[in-house]
Amino acid sequence: MNSDRRDFVLTAGKLLLLTAPAAAYLEAVESGKAEEPAYKTFEHYWGMIVDIEKCIGCGNCVRACKTENDVPLEPYFFRTWVERYHVEGAGEHPDVDSPDGGYNGFPEKYAAGDGAKSFFVPKLCNQCAHSPCTQVCPVGATFESPDGAVLVDKTYCLGCRYCVQACPYGCRFIDPRTNTVDKCNLCYHRITKGLTTACCESCPTGARQLVDLKDARDPVHEFLRTHKVHVLKPQMATGSKVFYNALDGSVR
Amino acid sequence: MEEGILHAIQGYMYPNEVELQWSILIVLYPFTTGLVAGAFILASLERVFNVAAVKPTYRLALLSALAFLLVSPLPLQLHLGHPERSIEMYLTPHTSSAMAMFGFIYLWYLMAVLVLEIWLDYRKDMVLMARSETGWKKTLYRILTLGVDNISEESLRIDDKLGRFITIVGIPSALLLHGYVGFIFGSVKANPWWSTPVMPIVFLFSAIVSGIALVLLMYMLICFLKGIPIDMPCVDTIARYLMYAFLVDFSLEMLDLIHRIYEADESFKSLDFMVHTRLYTSSLVQIVFGTIIPIAMLAFVQLVKLSDAARKGIYTLAGFLTLMGIFAMRWNVVIGGQLFSKSFLGYTTYKMAFATKEGLLPAILLMILPFVILWGLVKLLPPFDEEKAAV
Amino acid sequence: MNRFLKDKEHLFRMAALFAAGVVLFLIVRAVLVPKGFGVYGHYRAGALADNRVRAPRFAGRAACIECHTDEGDRLKGGKHAGVGCEACHGALAKHAADPSSLKPTKPDSKTLCQTCHLMNVAKPAKFPQIDPKSHMDGGPCLTCHDQHAPDKEPKK
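Chains as they are written, first to last, in my numbering: chain V, 1 to 252; chain Z, 253 to 643; chain X, 644 to 799.
Keep in mind that the hints are not guaranteed to be accurate.
Derived pair list, reagent style DSS-like, types lysine-lysine, alpha-carbon separation capped at 25 Å [claimed, not checked]:
| id | chain 1 | residue 1 | chain 2 | residue 2 |
| --- | --- | --- | --- | --- |
| 1 | X | K753 | X | K795 |
| 2 | Z | K390 | Z | K376 |
| 3 | X | K678 | V | K154 |
| 4 | V | K154 | V | K66 |
| 5 | X | K746 | V | K66 |
| 6 | X | K769 | V | K109 |
| 7 | V | K117 | X | K769 |
| 8 | X | K753 | V | K66 |
| 9 | X | K753 | V | K109 |
| 10 | X | K722 | X | K776 |
Keep in mind that the hints were calculated from the coordinates and are not lab data.
Build out the structure end to end from the sequences listed, making use of the hints.
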């Protein structure tokens, strides 16, 4: 009797011990079957390059973003938008407009040869490394992800709007359908699958490029080295990771 | 959605800035918490600094503070997109967020300062009423006394000592309470109208001014309603302290203004334009009708000997003007901070609805509510000795 | 003990009430704080996965070229080589996943081409832009330009 019980315990114990490595083996096999490689959050650090010399104000990015991310179509809510600048002289008083955020492009408003310079400036969340918006969130509903995207937890957001007030770039808004905050999240659902953002995908001139600062082979490193690059409102020290090429001093 | 706003924009605003984020409800909040801090500072004048003249208003000041403190979170709850999630501020407070930490300052001030102090000061009265009342009132007072019937000399002496200690702790707590609200705005570097180191101090002193004015008015009103003679040395002293606080408050605000005008940084032209156009009326109300005129009236009383009736009239008018002016100041800060674009190139308008969740009607109701609560508190815990004899 | 408690009992009862409040708060907190909060930072770890849940609406050029190799070849080396397929054809992830489920409509070249190429003072000067009324007497764009290789003649 005793030996039977002892045998049973020993056998059961061996089986139990085996289940752990068995489970691990099965998991390895299963994940190997997955179609895409698992996204390793800590191996990426996302940013964007916006090249003012290439933007033609077609509005593709604005439309693509609203389509991809289900952004309300009313003209008060934009994850990204394009501004048109018309600058005379040194640019202390630029004339700026953004009709419906650039959703339908920019009807011509200015006459050629009027002595001013004109250009388009796409704007989006700057995915700040020291973001003032995440600093003020009272509950932790918005945060900087380990891979450099500033994201929103829609199940946790109170809709207090403090972060909207704290963003110097005006990139946040309250989604009237969920009463929580929303903003560009760098198409996180795309970039973690090896795709680029919807705005970069639809930009016909390559004025917008997603960059991975942790990827040694990413062209961003060479680009930053060889171009005169700016961030918006550098005096705010937000650690903005959207780098503008050829940004004029008049841009607000 | 506010369809008309787009047409009322002047210049350029970032597309997401067009609609204001914080409404009149958020104007109410610094106003009511300011009244709390101010009323408490007045109460502490007697308890800690032994300004005996203001003793008649001690209990009333505490009850007023409580009434307004209880109402203070309500406009915030109405404003939130998800008020049912507001407890998250206590469960997972983000320590870098002034708003989150304020939740604890509020709780501390409500429970550890105000409620305790009122309880200790009224304990003897509550025990006496538990003994003399009948029916549901008896039960209520017994609950309030936590079932303890002891009002011996020694226990009351202990209460008094503890109460004094709490008041001493309460003063920095009250300063922190409203200074923090100032910091909630003053620490937002993205907004140059708000971002200034003097914001907490300006808020605090304007809070003291508004709280003193509130207690002054409430005292005179309740005395009038109950037919009790107004203690003139008391209101004269309160009015003097109101004037002192006002002078400091006005100096601080002028300092900020002069500094802005002189330095004229990148935001100045835009803010200047905004004040002269969209904030013109409310600025006039704040500075001329709400500050300069009341200060002049209060100073006049110090310089010229006037009859009791004249002084009462001046204090009443100055009190109302003061409250109006401090409300206008909150309006100018909160709404003003959202009327201009962070691009400094444009301006929007605030379209305040009437009977919506964040409209004028709920704001009015929320401002009436503290007086209703105060009426209940005054009935439950009479603040004047003369009254108690009548009960 | 009684001598110590004398005249202070109400204070101890109040203290007990406060203590009970703190305990209640801690219990509520233990129950209500969401799982995974604070793992990577002051946020719910599950929010990272939540942000990845959306189904892409744009497939990306690589997906289109898998089937449409001839268009892919024509684009190569042409002036539209850098233009994504969906920049003109719209969001077509549905079509890429199951071509029969969504048949893309051919874009109207007159309006589509003008989206980018209509003359505008704010566009970079070296970007090809025209006034459609005066350019080649305002004829249809595709008369002279292959939309996938616009510097070449259109496919016959």
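Structure-based check of each hint:
1. Of the pairs offered as hints, the one joining K753 (chain X) and K795 (chain X) holds, with about 18 Å between alpha carbons and a cut-off of 25 Å not exceeded.
2. Between K390 (chain Z) and K376 (chain Z), the direct Cα distance comes to roughly 14 Å. Compliance with the 25 Å bound is thereby established for this hinted pair.
3. Note on K678 (chain X) and K154 (chain V): the hinted pairing holds, with a Cα-Cα distance of about 15 Å set against a maximum of 25 Å.
4. Under the criterion of a C-alpha separation no larger than 25 Å, the hint pairing K154 (chain V) with K66 (chain V) is consistent with the structure, at around 18 Å.
5. For the given pair, K746 (chain X) sits about 21 Å from K66 (chain V) by alpha-carbon distance, which is consistent with the 25 Å threshold.
6. Straight-line distance between C-alpha atoms of K769 (chain X) and K109 (chain V) comes to about 20 Å, which keeps the hinted pair within the 25 Å bound.
7. Simply put, K117 (chain V) and K769 (chain X) have alpha-carbon atoms about 14 Å apart, close enough for the 25 Å limit, and the pair holds.
8. Pair hint K753 (chain X) plus K66 (chain V) holds up; C-alpha atoms about 24 Å apart against a cutoff of 25 Å.
9. In summary, the hint linking K753 (chain X) to K109 (chain V) is supported, as the alpha carbons are separated by about 21 Å, within the 25 Å threshold.
10. Using a Cα cut-off of 25 Å, the hinted pair K722 (chain X) and K776 (chain X) holds, with the two alpha carbons roughly 23 Å apart.
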